[in-house]
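Fit chain B to the supplied structure of chain A, relying on the hints for placement.
This is what each chain is made of:
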Amino acid sequence: MPATIGYTRPLMALTMLLALAACNTTDIASVEEPAAVPMTGQTNDPAPGFENVKLGSEEDFILNVGRRIYFTQDSATLDSVARVTLDNQANWLNSNPNWLLKLQGFADDSGSVAQMETLSQKRADAAMGYLASKGVDARRMWAKGYGKDREVRDCEDRSCKVQNRRVVSNLRTQRDAL
Amino acid sequence: MVLTRRTIVLGGLALLGAGALQKQAAAAAASYFDGTAIDNGVTFRATNFARIDRKWHRQVVKYFSSEPIGTVVVDTRHHFLYLIMENKTAIRYGVGVGREGFKWFGRATIDRKSLWPRWTPPPEMRKRHPELPEFVEGGSAKNPLGPRAMYLLRDGVDTGYRFHGTLEPGSIGKDASSGCIRMFNEDAIDLYQRCPIGTAVQVLPHIADQAGNAAQVSEATPVE
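Those protein sequences? They're chains A and B, same order as listed. Using my numbering, the first residue of the first sequence is number 1, and each one after it goes up by one. Using my numbering, the first residue of the second sequence is number 1001, and each one after it goes up by one.
Same shape as in the complex, but just chain A (with noise of 0.2 Å):
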């Protein structure tokens, strides 16, 4: 492990130029992610940050709580399920109050570009009217629909659809420009 510590800090440098120079539509995950670091090593070695996982931290975030919800198709309405990680998001959010909320939203449904771009708004939008009901201070939140940009797959597949029809809930330290 402590070899990997080393070679981390020079390969961020490294992915961050690479990310600048690479600036093309199938970077799709750098929306929702940080900078992503060229993997090394070995499936199932821990992934990076989450040797040992500290409560209140994004890491925390991703593996107990979940930062991503699922919409039927042409539907901006929140089902069960999507309320319940939403209700674990927002007691999360609300013990770890340091925290901003970035909602990304996305569609890839039946309907031109512009009604995908509402749609995708309309989600993130329900999202964070739904964590403000559960307490979380709309200050610290902001929503965007991203439309049919940025698919997760693309696919014709079912199994690609379901999943470009999602709003992720990210983590920020400070307000980014939208």
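Simulated from the structure, these hints should not be mistaken for laboratory data. A couple of the hints might just be wrong.
Partial pick of chain B residues on the chain A-facing surface, computed with a CB cut under 7 Å [as the list claims (entries may be wrong)]:
#, residue
1, Val1060
2, Val1061
3, Lys1062
4, Tyr1063
5, Phe1064
6, Ile1069
7, Gly1070
8, Lys1088
9, Thr1089
10, Arg1194
11, Pro1196
12, Ala1200
13, Pro1205
14, Asp1209
Bear in mind the structure is a predicted one, so any value in this text is a computation, not a measurement. For each residue, glycine too, the CB sits at the ideal point set by N, CA and C.
Using the frame of chain A, we list chain B on its own:
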């Protein structure tokens, strides 16, 4: 029948021994649980994770095989279930899988999910265990599906297999169920939240990256 003193003493010892063993076994099994938790109005015994090998705990790991994001991959040989995430990572859960002879492989889709599902033992299982009831109500402390079931279908047809919870946390990491993939109850609840209807599933003898650790291919027949 004439009992000699010797047989009586031996028999007594045997009885004492059996009693002690039973007690020990009960204590060991009990310690797999610690307190209770409430889910959707049902109180259930919480898993005592301090007692469970860290290997089987839910964790985020590196994952280099090629399955796309959002796919659930089960490595039956190594008793892991992976939910593939971005950036070559996955959430890994420890699972219990089918006993030798019940193993199955293939692709499927999570097409139905339920909370505290009723359990209907399949007919072949009732043939082997005639003492089993026709069904066990959801939420019952005797229902082996636990708090969640995710039903695996192939082309719209039920494969008969599910991801579900367990009454026996000690069986996670082992081959000990009839083809189903069992998880800690807390993990079944967690996975349920993360898998929308339509999620792709692959049940494999082992993931590609673990081929080196799985020199022997399982004898089990694929469900094709």
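Open item on the list: Quick check on Asp1209 of chain B please, does its C-beta sit within 7 Å of some C-beta on chain A?
Closed with: 4 Å, holds
Task: Supplied contact hint for Val1060 of chain B, tested at 7 Å Cβ to chain A - done: Constraint on Val1060 of chain B satisfied, holds at 4 Å.
Open item on the list: So, as I understand it, the hint says Phe1064 of chain B touches chain A; can you test that by seeing if any CB pair is closer than 7 Å?
Closed with: 5 Å, holds
Task: Hint validity - Gly1070 of chain B Cβ closer than 7 Å to any chain A Cβ - done: Because about 4 Å separates Gly1070 of chain B from the closest Cβ in chain A, which is inside the 7 Å limit, the hint holds.
Open item on the list: Checking hints one by one. Is Pro1196 of chain B an interface residue toward chain A, by the C-beta closer than 7 Å rule?
Closed with: 4 Å, holds
Task: Evaluation of the interface hint that places Lys1088 of chain B against chain A, nearest CB under 7 Å - done: 4 Å, holds
Task: Per-residue hint verdict: Ala1200 of chain B, partner chain A, C-beta under 7 Å - done: 4 Å, holds
Task: Interface hint status, Tyr1063 of chain B versus chain A (Cβ within 7 Å) - done: With a closest approach of 5 Å, the Tyr1063 of chain B hint holds.
Task: Evaluation of the interface hint that places Lys1062 of chain B against chain A, nearest CB under 7 Å - done: This interface hint holds because 5 Å falls under the 7 Å limit.
- [ ] Grab the minimum C-beta distance from Pro1205 of chain B to chain A and call the hint holds if it beats 7 Å, violated otherwise.
- [x] 15 Å, violated
Open item on the list: A closest beta-carbon separation below 7 Å is what the hint needs, so does Ile1069 of chain B meet it against chain A?
Closed with: At 5 Å from the nearest chain A Cβ, Ile1069 of chain B passes the 7 Å test, so the hint holds.
Open item on the list: Is the interface hint satisfied for Val1061 of chain B? The criterion is a beta-carbon contact with chain A at less than 7 Å.
Closed with: 5 Å, holds
Comparing the model with each numbered hint stated earlier shows that hint 13 is the single one that does not hold.
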